[in-house]
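Peer 1: One line per chain: the protein sequences are A and B, in this order.
Numbering-wise (the numbering used here), the first sequence opens with residue 1 and increments by one.
Numbering-wise (the numbering used here), the second sequence opens with residue 1 and increments by one.
Keep in mind that a hint or two might mislead.
Since copy identity is lost for identical chains, a pair holds within one copy or between any two.
To be verified - Below, a list of computed lysine-lysine pairs in the DSSO-like style, where the Cα atoms sit at most 27 Å apart: (1) K30 / K223; (2) K262 / K13; (3) K137 / K14; (4) K106 / K148; (5) K135 / K148; (6) K135 / K30; (7) K255 / K44; (8) K148 / K169; (9) K160 / K14; (10) K77 / K169; (11) K106 / K30; (12) K106 / K77; (13) K148 / K137; (14) K169 / K223; (15) K14 / K148; (16) K44 / K223; (17) K106 / K27; (18) K262 / K200; (19) K160 / K148; (20) K164 / K148; (21) K160 / K84; (22) K255 / K77; (23) K27 / K255; (24) K44 / K160.
These are calculated hints, taken from the structure and not from any lab test.
No experiment lies behind these values; they were computed from the predicted model shown.
There are 2 protein chains.
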Amino acid sequence: MNYAQLVNQIYTKKSCLCVGLDTDPNKIPKHLLDYEDPVFEFNKRIIDATSDLCVAYKPNIAFYECLGPSGWESLRKTIEYIPKENFTIADAKRGDIGNTARMYAKTFFDTYNFDSITIAPYMGEDSVTPFLEYKDKWGILLAVTSNKGGSDFQQFGGDKPLFKEVVEKANSWATHEQLMYVVGATRGELIADMRKIAPKNFFLVPGVGAQGGTVEDVMKHGKSDEIGLLINSSRGIIYAGSDENFADQARDSAKKVVEQMKHFI
Amino acid sequence: MNYAQLVNQIYTKKSCLCVGLDTDPNKIPKHLLDYEDPVFEFNKRIIDATSDLCVAYKPNIAFYECLGPSGWESLRKTIEYIPKENFTIADAKRGDIGNTARMYAKTFFDTYNFDSITIAPYMGEDSVTPFLEYKDKWGILLAVTSNKGGSDFQQFGGDKPLFKEVVEKANSWATHEQLMYVVGATRGELIADMRKIAPKNFFLVPGVGAQGGTVEDVMKHGKSDEIGLLINSSRGIIYAGSDENFADQARDSAKKVVEQMKHFI
Chain A
1 MNYAQLVNQI YTKKSCLCVG LDTDPNKIPK HLLDYEDPVF EFNKRIIDAT SDLCVAYKPN
61 IAFYECLGPS GWESLRKTIE YIPKENFTIA DAKRGDIGNT ARMYAKTFFD TYNFDSITIA
121 PYMGEDSVTP FLEYKDKWGI LLAVTSNKGG SDFQQFGGDK PLFKEVVEKA NSWATHEQLM
181 YVVGATRGEL IADMRKIAPK NFFLVPGVGA QGGTVEDVMK HGKSDEIGLL INSSRGIIYA
241 GSDENFADQA RDSAKKVVEQ MKHFI
Chain B
1 MNYAQLVNQI YTKKSCLCVG LDTDPNKIPK HLLDYEDPVF EFNKRIIDAT SDLCVAYKPN
61 IAFYECLGPS GWESLRKTIE YIPKENFTIA DAKRGDIGNT ARMYAKTFFD TYNFDSITIA
121 PYMGEDSVTP FLEYKDKWGI LLAVTSNKGG SDFQQFGGDK PLFKEVVEKA NSWATHEQLM
181 YVVGATRGEL IADMRKIAPK NFFLVPGVGA QGGTVEDVMK HGKSDEIGLL INSSRGIIYA
241 GSDENFADQA RDSAKKVVEQ MKHFI
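Same shape as in the complex, but just chain A:
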């Protein structure tokens, strides 16, 4: 999916919601465990209940990988099931030397046909650029993350912290039509800071809901001229309910989040 298509989808749906598919067999409703592939059955129902409300889905690859080969099969079926107008993000945080990064790009863009993948910047340019060689595919580089340890190294460097160096350098490798940034939502002023140094890039914003950030703060501080935000909620939506009505409850939760976005779009 290209930049214009993604922006268009956001204006049409009046939503920049991304639903995080952190699907854990231990947390899904019990009645689904009788199916051959409970993880896929859960995702299918969540997708049916939310695909008109959200613009993107973000499976967290760790949750599939830890199930062994069957987890990768659940992932493949999930990606095939997601409607083509929804943007897909492999939340994999990969990062390795050029020839290995190329393998990871092949995995997520060819084998599994994702639109984008999250990338860790520590190994520098040649660990990032192989993901940017695919037409209409995206790299989403970690900049500021919302977890407790996020400040350990991202804020390192005093006046000019590491995350600014990352964004400055990465902006010289690719345009905003290929590269997004992960920007944690727990501190509004950090998002504003990021918007100054990356005025046009999309930000993938985790940390809303379970991790403490508010949608209003993110929209207010982070919006670009063409919105430029994908705000993720995982647990707050997919685990909103735990019984047979879980999909309806997921839809209600998604609606509430989109309601808070609407008047900013």
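With the hints as your guide, set chain B onto chain A.
Peer 2: Chain B alone, transformed into the frame defined by chain A:
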């Protein structure tokens, strides 16, 4: 495998060689493609030919992941086939928030039973510590890497570059019996620098052979009181030959590398 067992293995074999299993179906000898699982058949023969010479094996996870579910099956069989006295490294470079890092630890330590996994430091403490909660399992944190882009961010920060900050902080999270560092081999003085700030930790050293570093330089600059080195060679060993004799040629190549290590151990 614990620290004492690993050190003991190095002294017994007079080797600190790690063989990188970057197995690519496009690069393995043609006659293996007739087997049901060519990747495993290749690895099996390489392991048979080298396990008495090397102390560790390091499958590069990208190469297995990109083959889809069957790649993970080849990986599982490979790990089960490696003799118990050889240390195993999942070269996966994972790094994510606590609950996700826990999933990755489960994948590589429980599902696939690796001894260790490589980790990217960008997301800080809670992305690393879940890997350190397993008895006799190891985290191997990226410090200095040997690729071209390695200096983009690892050298950021002037007098005290980022990689030193990473090592200093990480050393406060775990001892040298749980935590190793990835230290690229292309510059000897960098390894000496690293040894000063991490006197006891094992270093996993890629970049010997195809990437340009020499074994002698690494041994001279990087050795700790108890050796503390795992020197990796991937392509230089596993692709030393390309016909039916490839395993013998791999063995010859491994022998040559070990020959250079012997008088330092």
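Peer 1: Report the numbers of all earlier hints that the structure fails to satisfy, in ascending order.
Peer 2: Checked against the structure, the hints that fail are numbers 1, 6, 9, 10, 15, 16, 21, 24, while the rest are satisfied.
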